[in-house]
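Asks: Using the sequences and the hints, build the whole thing.
If you read the sequences in order, they're chains Z and W. With our numbering applied, the first sequence has no gaps in its numbers, which climb one by one up to 259 at the end. With our numbering applied, the second sequence has no gaps in its numbers, which climb one by one up to 480 at the end.
Note that these hints are calculated values from the structure, not bench results. Hints are supplied without guarantee of correctness; some may be wrong.
Simulated DEER-style distance windows between Cβ atoms [stated by the list, open to error]:
id: 1; chain 1: Z; residue 1: 77; chain 2: W; residue 2: 480; range: 47 to 53 Å
id: 2; chain 1: Z; residue 1: 75; chain 2: W; residue 2: 442; range: 32 to 38 Å
id: 3; chain 1: W; residue 1: 472; chain 2: Z; residue 2: 74; range: 28 to 34 Å
id: 4; chain 1: Z; residue 1: 172; chain 2: W; residue 2: 470; range: 49 to 55 Å
id: 5; chain 1: Z; residue 1: 223; chain 2: W; residue 2: 470; range: 24 to 30 Å
id: 6; chain 1: W; residue 1: 442; chain 2: Z; residue 2: 126; range: 19 to 25 Å
Every residue gets a Cβ at the ideal spot worked out from N, C-alpha and C, and that includes glycine.
Residue strings, one per chain:
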Amino acid sequence: MRKLSVALGLATVFLASLAMAQAGKDQRRSGYQDMGPTLQKMQDDDTANPAMLYVQAGEALWTQKAGAADKSCADCHSAGSMKGVAARYPAIPPGGDRPVDLEGRINLCRTEHQKAAPFGAESEQMLDLSAYVALQSRGMPIAPPNDPRLAAFRMHGGQLFKGREGQLNLSCANCHDDNAGKKLGGATIPQAHPTGYPIYRLEWQALGSLKRRLRNCMIGMRAEPFDEDSEDYIDLELYLMDRARGMTMDAPAVRP
Amino acid sequence: MANVLINAPGTARKGETIELKALIQHPMETGFRPGADGRLLPRNIITQFTATWNDIEIFRMKMSPAVAANPYVSFFAVASESGTVRLRWTGDRDFSAEGSVTVTVT
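Replies: Rendered as structure tokens:
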């Protein structure tokens, strides 16, 4: 009997992997693919996607001189050189020993290159500029750097994703791996791929960062969100970007 | 001035009905929400949106606190002559913003 159930179990595993191989398809879906056609249309039309209002502001900031160096972003970078940048962060900056996300990288340029005060973590200006930079990667595949130094941080991010926490004793994976595609209240549980950040979330009626989105989920799990400047966010972002490797960037996206 | 995005066809045939779409950045603070300190945030909304075609008013709309932030308006007009469509938003705290597009009618 025992032998039979083991054999049956193995057969099931074999058939399941065969089915997956035959389907041969990437089973991953972005938040964009999980949205209805009306919202997809809103995102696709640059004059209807409210995130583009922030991009406009970001473009103006890009050319504005700032700090003791009296330099603008545009004095050192062409907008074209930002192509693909949002698709590969977090990354370790030159001379650094731990990864920073795109916002952290922008603030490094603020402090080191412009000799200006860093932008507030989720300030309007940071959102505007990161939306403008992220837009340059629209349509490109997510491509985290193959930097072996990132492995330990990414692994920690994976532990944060899979570990249970909070009063409901849930992990991110419980929803986003195990129950993705099902409904939670009125919302479809997405697979949590960070393809579109910063996003214009209709519920927020504003543009928001990936950190804000993660914080939202942690509050939903009745867990304590990480501190604003916690490195745990970056590690989790690293894990999410790796999990979404190859998926198409659709930033700045609209989400319900 | 507030950021504005306008979508209108650059050309239209005489007599054709065209769609004009406009998006503007505005918090549309309702006046009913408490802030972090527990006190009501003062109302700050756009109260009126108008469109003129060669200075003749073709569309007017009143807005209320129930309208979401960053309001998006879409409306239709019959293209009768080439010219400038001017859009204007006004509201609380002397808010005023403008945008325009030219439409060539053939």
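Asks: All the hints need checking, so say for each whether the structure fits it.
Replies: Here is what the structure says about each hint:
1. Between residue 77(Z) and residue 480(W) the C-beta distance comes to about 39 Å, which lies outside the given range of 47 to 53 Å.
2. Look at residue 75(Z) against residue 442(W): about 33 Å separates their beta carbons, and that is inside 32 to 38 Å.
3. The hint said 28 to 34 Å for the Cβ distance between residue 472(W) and residue 74(Z), and at roughly 32 Å that hint holds.
4. For residue 172(Z) and residue 470(W), the hinted distance range of 49 to 55 Å is satisfied, since their beta carbons lie about 53 Å from each other.
5. Checked against the hint of 24 to 30 Å, the pair residue 223(Z) and residue 470(W) fails, with Cβ atoms roughly 40 Å apart.
6. For the pair residue 442(W) and residue 126(Z), the beta carbons lie near 22 Å from each other, so the given range of 19 to 25 Å is met.
Hint violations for this structure: numbers 1, 5, all remaining hints satisfied.
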